[in-house]
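K.L.:
Now for the letters of each chain:
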Amino acid sequence: MKLIKILMIMVLFMFLLGCGSSSGQQQGIQNFKQGYGSLNIRFLDNSPPEKIYQGSKFKMIVELDNQAAYDLKDGQLKIVGVDEKFFLMSSPLTNDFPSLMGKSLISPSGEKIFVEFDATALNELFENAERFQNPFFAKVSFDSIFEFTDTICINPNLYEVYDSGCKVQPKKSYSGQGAPVAVTELESVIYPSSAGTEAEFRMMVKNRGSGKANLIVLEGGKLGNQELKDCHFQSSVKDSEGKKVLFYEKKQEDLLICKIFLRDQLSYETTLSLDFSYDYEISKKHQLNMYK
Amino acid sequence: MGITDAVSGAVTGGQTGPATAGAYVAGKEIAGAAKHISWLLLVLGVFHYILRITSGASAITLVFSLTLCFLGVYALSAKLEKDRKGRMAILIPITVFFVWYFIFGANPNPQFLIVFLSILFGISMIFGLFSKGSSFEPEMYGFLPVLFFFLDVGLIPFLIENLNLPITSLMQNLVLFMPWWAFFGLLTLPSEASDSKSLNFLVTIFKVLGILYLVFVIVAPSLPNVGYDDSLLPSVGELEEAQANFRTQLPDLENPAWSNLKCMMAGRFTDLPVCIQERQENSQLEAACKQKGYSKGTLAFTDCTKEQKEEEAKLAYSAGGFYTPTVKDPMKAEIKINKEQLIPEYDPTWGYSAEISIVNPSKQTFKAVVLCDFTDKKNKKVISGEFDSSFEFEISEENYGETFICTPGEELDGSYTLNITLRLSGLTTESYLVRTFMGTEKKIEEMTNQQVQETKAEIIKEIKSANIATQSFSAKDFARINYYFGHTKDNVVIEDKKPLPVLVLTLENLGSGQITKLENYEIIFPPGNFDFSDPSCKADNIQNLDVKKKRFTFKQCRLENFPYSDLQLGDWRRETMTAVLKYDYQIFKKVQIIPNQEKISLIK
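So the sequences go chain by chain: A and B. 1 is the number of the first residue of the first sequence in the numbering used here; add one for each residue after it. 1 is the number of the first residue of the second sequence in the numbering used here; add one for each residue after it.
There could be a bad hint or two in this list.
Stated by the list, open to error - Straight-line C-alpha distance at most 30 Å; calculated BS3-like pairs for lysine-lysine:
1) B:K497 to A:K212
2) B:K442 to A:K78
3) A:K78 to B:K456
4) A:K212 to B:K456
5) A:K212 to B:K498
6) B:K590 to A:K251
7) B:K381 to A:K243
8) A:K78 to B:K464
9) A:K85 to B:K443
Everything labelled a hint here was simulated from the structure, so no lab data went into it. For clarity, every value in this text was computed on a predicted model and none was experimentally measured.
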């Protein structure tokens, strides 16, 4: 009896182990394009050192870790605010990185690079001073994209109460598309017009990251196979046909309105997809402490 | 229940029966004790404040403050509506804090803190267990006297000095005119502090005003985060030094509350703020004239205040400065006349000894000359003195100390003033100014003017977070150049816009002696195109300047071109400018001597 029990426990244990192995497959189908993953900036420990002594050489190593689900392009890392009376920077203060891969099946944890800056603490201090503190910033700017895709229910037949098709959700919320800038809300409005039935999609595009988004461009959009041609941002910039919006300090969001004529008569489920590009800036404050 | 209400709650609680009658009596006794100790604290607090104002920070004021702190603990514990054990719990935080601060030197080591705080937690729990949780409230109150102790020894000036916070005139008054321990005594007074209803009402009013004041002092200056190197808390010495420095830098103003009262008594209700401002300014002028030795009410005093007012008007355009926060040792020169040798039977032919000490922390090389003479008080005849050793020497060491014996060239007969002068020539003082240069060229064409302005505002916010001082600063030397460079006096951000920034140079005598000669100065700018309307603004010989004034502006000019035209909007750079001043300085000491008359008095 005891033996049977032990065997049963062993079988159960093996079964549990077997279940555990399926998590690898689970990872394979993981959707990276969710959340507000962004570029993380971090100074490596002791780079720069907590205490820098006069006349000593040191390194500043910045880790750039792309936690977004999209590649970053035309990146630039700048060191701003270092007082060159006290610190001689041997490396240029600006460092370009052409691209940084986002999270994907090939690289599930995103690409990470380390940018080094060589510097020397000069033999300078304020007269009789014991130390000098220099707060400075590592500022990164880059271009990237994000995609919004969702399956929505369209019901062109406004007066058909007993339509047995899908159920329309007039308002939906989203928790990001794997980038700091994302579509956070979608409102679908269907109304009759002179040419038939028209659908209007009102999407809130927001910057939910810790940095600052600048120019957001709607690169294209589709409803099923139909191209969304009539789209415009509410605060679009001039001469951009409504496709570009410039976010600024106090306003890191805007409403995108897309309109389309509906061909079908019955309710149906289809895919709404939109492609955006944007440029972004993130800043990280740090401090150099020079001692006698 | 607030601490103010704790006693009144015990006294006025509507209880009946013998047991409650006992509680009533006990409560009344506690209230009585609290009342007396609070009144004592209030009176001693005022006395302590006067002592601190008049004599400055010393070991006596520190010990006095500590004593008042423990008195404050007693007043607070007597005021709490708790049993004896509960009230004793108030001592836990203060004892633990002082042990940590004074015995362990405010050790910030995390491992140490874990152990130390665990012990505190353990003690707190034991008390909590025995008092059935009633000790936690008094334990929290126990931190109040600690806070007041730090406020009293100079926490706010320390923060201002070390974080380079901009000091408004309101803030100056808040810091200068606050007798913290008297205020603590006032706060701990019960609501029925005396039998007089009007006095009780007055006490309540002052309590409310005091609390509003406290809230303002703590909340108004939003202090940015600063990384500390050694310990999270400064030492008492640092705090007291900060307070003393702060007081010396601030003008000697009339207490604004007093100004307010006087203006109200004068019936100037319609222009009360103007009246207060006038009184404050006048008090500053009068204080300056008193310091010069004029007596109030004399014609000379009136003339002095007029002149002072004109000077002040000129100074409005002058640049201010402060001491570099991390400089510990000031440059010092001192003459000590050895009084012990001046016995009544002293023979002037033996000579008068003077001890010269110089602290030269930056190890500058300069020349020093010691001179002495004797001025006859009656006929003003000057008899030159001679030294036993060379009176001219060069200093390059950090600490110099030597005794010189001055012998009169002629026989002394009568009453004389012995003048000892120490002349230092070839001194150099550097002062620094940090400014940031911001780009204005748009990176993105589509930006509207509003977006440009907001981007600029964001960059300015970022720059401000870098804690850049608005004024120039220097080591604690004898003199320096204060200067500002910018679109306005306190603006640390320079951008490519018209009108371009101005450079204003002010000379300030920081010591108690005199600037005897100005050689030259030079402003060292970072690499870049720094051209000014007057090229002599960058460097000049300044031998012809009147050096008697304590502070005066001697140069003003405007920048011709923005030096970093390649900077784009959103970009900025930090630059430090250095002003090098070369000058001669002298200090002197005068002593009245009456040889063979058994008298000597120190004039200065």
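K.L.:
Now tell me if each hint is right for this structure.
P.N.:
Going through the hints against the structure:
1. B:K497 to A:K212: holds (25 Å)
2. B:K442 to A:K78: holds (18 Å)
3. A:K78 to B:K456: Judged against 30 Å, a Cα distance of about 18 Å means the pair holds.
4. A:K212 to B:K456: holds (14 Å)
5. A:K212 to B:K498: holds (29 Å)
6. B:K590 to A:K251: Distance of about 69 Å is beyond 30 Å: violated.
7. B:K381 to A:K243: violated (94 Å)
8. A:K78 to B:K464: It holds: about 19 Å lies between the C-alpha atoms, which stays within 30 Å.
9. A:K85 to B:K443: At roughly 28 Å apart (the allowed maximum being 30 Å), K443 (chain B) and K85 (chain A) satisfy the hint.
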